[in-house]
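> Sequence:
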Amino acid sequence: MRHEPVRESDLRSLERRSMYSIFAPLDPNERLPRELILEGRRYRTVGRRELAGFLWLPALWALLLVSGRLTTDLLAVLGVLVLMYMGFWAFALSGRRR
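Take 19 as the starting number for the sequence shown in my numbering and just add one per residue.
Calculated from the structure, these hints are not laboratory results.
Check each hint, because a few of them may be wrong.
[Unchecked claim] Okay, the calculated beta carbon distance ranges per label pair:
#, residue 1, residue 2, range
1, Y61, L111, 19 to 29 Å
2, I55, L78, 30 to 40 Å
3, G65, Y103, 10 to 20 Å
4, M102, D45, 45 to 55 Å
5, G86, I55, 29 to 39 Å
Cβ atoms here follow ideal geometry from the backbone N, Cα and C, with glycine treated the same way.
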């Protein structure tokens with residue numbers, strides 16, 4: 019039984035018959051997972067995290083404005099600030115997971 023001599027171009031080519039016996043050819047119409055992830059990010063709606071982040075700063079300014087007008091105690095303002103911060107975090111993380 020005699021084998022064909024192996025040429026250097028056969029070793030470098032990805033079009034060998036043995037390659038297709040190991041790996042199936044890729045489907046050109048099948049989308050890659052990376053493309054699906056990028057498309058999902060592109061059409062993503064505003065979620066709870068974005069909404070909480072958007073509302074945090076106006077709520078902070080409102081708290082500072084009200085506490086400045088009422089001349090409240092600093093510890094009371096800090097307590098309300100911590101409760102407000104924890105509330106926004108709870109709101110942001112309470113959403114549905116994807």
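> Please go over all the hints and tell whether each is borne out by the structure.
A quick look at each hint next to the structure:
With their beta carbons about 23 Å apart, Y61 and L111 fall inside the hinted range of 19 to 29 Å. Hint check: I55 to L78, Cβ distance near 34 Å, so the stated range 30 to 40 Å holds. Checked against the hint of 10 to 20 Å, the C-beta distance between G65 and Y103 comes to roughly 19 Å, which is consistent with it. With their beta carbons about 52 Å apart, M102 and D45 fall inside the hinted range of 45 to 55 Å.
Between G86 and I55 the beta carbon distance is about 46 Å. The supplied range of 29 to 39 Å is therefore violated.
Going down the numbered hints, you'll see the structure goes against just number 5.
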